[in-house]
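Visitor: The residues making up each chain are set out below.
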Amino acid sequence: MSIKKTLLTSVVGLGLTVGIASAASHSTTITIATVNNGDMIRMQGYTDKFTEETGVAVEWVTLEENVLRQRVTTDITTKGGQFDIMTIGMYETPIWGANGWLVPLDDLSAEYDVGDILPAMSGGLSHDGTLYAAPFYGESSMIMYRTDLMEAAGMEMPDAPTWEFIAKAAAAMTDREKEINGICLRGKAGWGEGGAFITAMSNSFGARWFDENWNPQFDTEAWANTLNFYKDMMDASGPAGYATNGFNENLSLFQQGKCGMWIDATVAASFVTNPNDSTVADSVSFALAPDTGLGKRSNWLWAWALAVPAGTQKEAEAKKFIEWATSTKYIELVAENEGWANVPPGARTSLYENPEYQAVPFAKMTLDSILSADPNNPTVDPVPYVGVQFAAIPEFAGIATEVSQEFSAAYAGQQTIAEALEKAQAITNEAMEAAGYK
Amino acid sequence: MATKASRSAARLMMAPAVVLLLGWMLVPLTMTLWFSFRTYLPLRGGDQGWTGFDNYVRFVTSSSFWPAVSTTLIILAGVLIITIVLGVLLAILLDQPMWGQGVVRILVIAPFFVMPTVSALVWKNIFMDPTNGLFAHLWKFFGAEPVSWLSDASIPSIIMIVSWQWLPFATLILLTAIQSLDSEQLEAAEMDGASPLARFSFITLPHLSRAITIVVLIQTIFLLAIFAEIFVTTGGAFGTRTLSYLIFQRVLESQNIGLGSAGGVYAIILANIVAIFLMRIVGKNLDN
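Sequence order for the protein chains is A and B. Under our numbering, the residue at position 432 of the first sequence is numbered 437, and the numbers go up by one with no gaps. Under our numbering, the residue at position 112 of the second sequence is numbered 155, and the numbers go up by one with no gaps.
Next up, chain B with everything else stripped away, as it sits in the complex (with noise of 0.2 Å):
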């Protein structure tokens, strides 16, 4: 039906969307490819030329490096298995017709809606500190002695409060995922007697792959840029150095921009890697 004329109209008619988004994208990226290569100290005078692969190499040997990816990926892996187990069990018991259900589902999803810093900052002050925290007052009243979550248990502590704060996220996704799945197929199945555990696991989880790739792909892209949650508690104290914190440190606490500009470009690689991996892991459900 479309002729010549009518089809590059409509080129010419998404061209500013285009532009727009190819700037909003390519802009940010070419600048930090740009710096990159570049000794760029604003505390030492500026911008001093080029340096090659100098910054590259630099970020890569840091003793800081491997670290901080390993604590990335454990974080991200942390996050990823409770959000999906809880938020399978959750979205299962929100479908359970009950008494109350509209209040009880927008309570299970505020969390989503508290700011990173803000809910970072009521953990931190309010639940983990040592002294005068809830979680310490109950291991006090149990007779045990309080945990300082923040610097002997870091790692788990950080996994709990952006687990508590995506949890609600995938608990939504796999809620809508769940109330399609056709009531009289699991009828049937009772009928001809197969287990509540069998219905789950033949019925149930199969619906739920495709939305579970879709939890597992967009909580990938944020929980590798998570940042507040980490400055706000330890501020990267206690082996909790993000790649992304790293690359804040080197631009902002270290104010060298080359070095921090070549780090963001390694997050671009290793993002790329994570999800080209869990595409391959999870991809086979979206063919189906």
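Just chain A, with the same shape it has in the complex (with noise of 0.2 Å):
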């Protein structure tokens, strides 16, 4: 009997408390929209230490990167006015800043220092110079490979190799019997999956989306030798089913220790060397993507960056808490609980000067690859968008969304290189009429 009283007692207090708390906070709460990614749910639970700074309680709105992209998009043409900050990509920002419907982070604390966040980061999250998003994270892609098995094959991977030298590697590392494929890479379609590092790759390979009258380059040879080289190789040295593989399916290849090598996103490194989920944590070093000495380099450049829609009634406090999720104090925050490893990489240059942080075994390789990408010079011949992995128009999602389905169509046999890129040359030549740039 005492204990259902003493458990009724503390559930009406429990009720009461969380009834307070959400009464005393309802003027100064503010909605943040945000993806699923692990440096993001990390700070999530620190939300009180903020909530206990300033007084301003956070609502989290988490969701699935696609999920995120439509909700939020909806949300800003629709004015909806749902969220106080969004998380968004490099690839929203410079559009929507350009349309007025982001508020310009022009007026952060001169504790914030903006000038600390790295210049390739803060140029992609600006349109005429003006910051629109404040990174929360930084990426770019490098080659994660396994120096047992590298050793294995007698050879010995340079700091900046040739795709060449990939597709060599790939082959003598391959061992079908023992299920270890010697490459693994995207082919899953959708702009931000397979579509990202194609176009990433075809850079290197002297390949464009457009030429500077925004005319379709699909027809090109240099896109042809990079589908041809990709395909090939994949063929030769790739996991079974390929084409449907994106960025979660390789990562568990990569720690079961079914590929020899993989070339995505920088921020993988954390994953791949952590003791916990990879069976091949201690044999993992990186390099630089690939190039084909063209100039051009096959890496991307991403962030994903708190940004505060134009409306809200609550931009004060939205703007408190970007300069707080994003400065260095947070970054201490995390390092201090976590650990240096789980810090949110990739944004701040003061980062890459601490000497703790570059004990990390990949913090070197992750910052190389970031200067190395040029979102406004892309690719090698000139092209009029801005973007390594994608091109920073409306339109781009869509269209690369269904070019990469041709692609990935490709891969999986089910049409010829040749009868995708020609598809593709039609999808984007229709979606560029329809938006009316001819």
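Treat the hints as calculated values from the structure; they're not laboratory data. All clues given are correct.
Computed, partial: chain B to chain A, Cβ under 8 Å:
{"no.": "1", "residue": "P173"}
{"no.": "2", "residue": "S191"}
{"no.": "3", "residue": "G278"}
Each computed EDC-like pair below joins lysine to aspartate or glutamate, with the alpha-carbon atoms no more than 16 Å apart:
{"no.": "4", "chain 1": "A", "residue 1": "K319", "chain 2": "A", "residue 2": "E64"}
{"no.": "5", "chain 1": "A", "residue 1": "K173", "chain 2": "A", "residue 2": "E161"}
{"no.": "6", "chain 1": "A", "residue 1": "K325", "chain 2": "A", "residue 2": "E64"}
{"no.": "7", "chain 1": "A", "residue 1": "K325", "chain 2": "A", "residue 2": "D53"}
{"no.": "8", "chain 1": "A", "residue 1": "K183", "chain 2": "A", "residue 2": "D153"}
{"no.": "9", "chain 1": "B", "residue 1": "K183", "chain 2": "A", "residue 2": "E182"}
{"no.": "10", "chain 1": "A", "residue 1": "K369", "chain 2": "A", "residue 2": "D164"}
{"no.": "11", "chain 1": "A", "residue 1": "K369", "chain 2": "A", "residue 2": "E358"}
{"no.": "12", "chain 1": "A", "residue 1": "K54", "chain 2": "A", "residue 2": "E341"}
{"no.": "13", "chain 1": "A", "residue 1": "K84", "chain 2": "B", "residue 2": "D90"}
{"no.": "14", "chain 1": "A", "residue 1": "K325", "chain 2": "A", "residue 2": "D111"}
{"no.": "15", "chain 1": "A", "residue 1": "K263", "chain 2": "A", "residue 2": "D287"}
{"no.": "16", "chain 1": "B", "residue 1": "K183", "chain 2": "A", "residue 2": "E184"}
{"no.": "17", "chain 1": "A", "residue 1": "K183", "chain 2": "B", "residue 2": "E188"}
{"no.": "18", "chain 1": "B", "residue 1": "K167", "chain 2": "A", "residue 2": "E254"}
Just the calculated beta-carbon pair ranges, DEER-fashion:
{"no.": "19", "chain 1": "A", "residue 1": "G85", "chain 2": "B", "residue 2": "M68", "range": "21 to 27 Å"}
{"no.": "20", "chain 1": "B", "residue 1": "P71", "chain 2": "A", "residue 2": "P389", "range": "37 to 43 Å"}
{"no.": "21", "chain 1": "B", "residue 1": "V157", "chain 2": "A", "residue 2": "P389", "range": "44 to 50 Å"}
{"no.": "22", "chain 1": "A", "residue 1": "Q49", "chain 2": "B", "residue 2": "I152", "range": "38 to 44 Å"}
{"no.": "23", "chain 1": "A", "residue 1": "T67", "chain 2": "B", "residue 2": "P110", "range": "34 to 40 Å"}
{"no.": "24", "chain 1": "A", "residue 1": "N233", "chain 2": "B", "residue 2": "I198", "range": "22 to 28 Å"}
{"no.": "25", "chain 1": "A", "residue 1": "T33", "chain 2": "B", "residue 2": "G88", "range": "29 to 35 Å"}
{"no.": "26", "chain 1": "B", "residue 1": "F155", "chain 2": "A", "residue 2": "D282", "range": "34 to 40 Å"}
Note that CB positions come from ideal geometry on N, CA and C, so glycine has one too.
Mind docking these for me? Both chains are given alone in their own frames, and the hints should help you get the complex.
Guide: So, in structure tokens, the structure goes:
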């Protein structure tokens, strides 16, 4: 009886506390839409600290990447006003900034030190020189490879290899009997999945999406070379069904020891070197994404950033949160509690100057990769767009998703590469016409 | 019996329901029609005025249109054939007296209650995954090379998933029809020396024709709009882009509301054409 009573009173008490807490914070609650990546989930765990410091309560809406994109895009285009802060990427920020849908972040405090943000990041998150979103973390892509398999193959990975070397090494490392694939790469349809990878790769082969007059370029030899090289290499040394593999599929293959090399986001480095998740944690090393000697490498540049939609009633509180979450103080807070390897990477110069962070095995290669990507001059030949693995125009996400679907069908052998490129050219032409470029 | 006054009273009382139903149907339809004649690009400044039939022309002349229509029809036909053939067989099987009939029937119907997204995820990850899937292990056990179902046999895979979901529905309707079949008629035929096959094709099947018609019509309406299974498994890649998926891509991925709305109008037209055809073919059964 008495236990029941205690339970009852404590439940009532809890309900009261929650009620009071929500009533007290009612006037200053901000709503944040974010993506369900590890670093963001970690940030949510520290929300209480922010509320303690500022008295502003935070409500989280955490969504999977594609769903997040659709939700925030719908909200911003219809002026829905559901969110006070949105987590968006390098693709959305310049477009939305140009449309006047975001609050410019030009009045952040001196203590926050905007100048400390890596120039590649602030450049990609600005429009006409005004910052519209603050980077929470930034990434590029690089090669992650198995040192033991490389050694067994009798080869040595240079710091900046060529595609030719990668194909040769992949073939040498492949051992179908033992289920070891020399190389794992994204082939999954979707502009942020296989589409991002193949676009970044095509840059190093001298290809581009559009010429200076916005004419699609899929009928060029450079694109045919890119796709043929990719498919030949993956057919010879890639995993079965690679046409449906995205980031997560490859991560799990690599962690299970089924990949010799993997070229993907630099943030994956902390997952494959974490002994709790990865069976190969102690034999992973890193190198720059490959090139073909034409002057561009095949690494991309991306940042998840926090932005304030124009029209929010809580602009001041929202900016306060952004300053808190993307500050050096927050990085120190995470480092203190969870170690330097787990801090959000790629956003601030000072992080890479910190000797404690320099001791993290993938820190240097991440920075070098980020620094070698240039969103303003992404390709060998000049282009009218900004963005390495995308073109920052509103139509790109739709076009690139359909184009990458044609590519995936070619990887799976349902059509030839020539057919896929022909369809890609037609799809892009139609969409550009519909958007009024011609 | 009905007087003029009572008839008008009945009309008055029916009016709210009729108005509600009309609004329910007409408002979205009118909006779709309205948008289909406008240039509406949310990421490029929103509604930019009338554009005539441009959206309609553009949607049909797109290289993706006819492949999408044929994919829609192939999936529809495949699922209809599988669910009806297997549905009839299962219904006959379930009609036999057996131990644990109630439980078996519930188990057979269960797939229908699983949400489309969930069942698609289960099929994709647990059965069809080329590395860790159940089928892959089965294939390897027999020494065969695992099949990457969703990329190499994409349309059959989708047909399989959707059929699995809709088979219970067909079975359920057909089972109730079979239960209404007079068993004395079957016994009489048996005594006259009719073989089981003859009894099936001359008594059971004609008796089921009406139920089959219903199944075909209802499934057609729902199958023309299947989306979740494609979204979750292939995302429209590998030739699985149906008309409804193409409309989704136009509206949400390309952010072109006008073009997508025009596609929506085409989808309405296609659904009506298919429905009229099916009515004609199977409609005879309803007349009898």
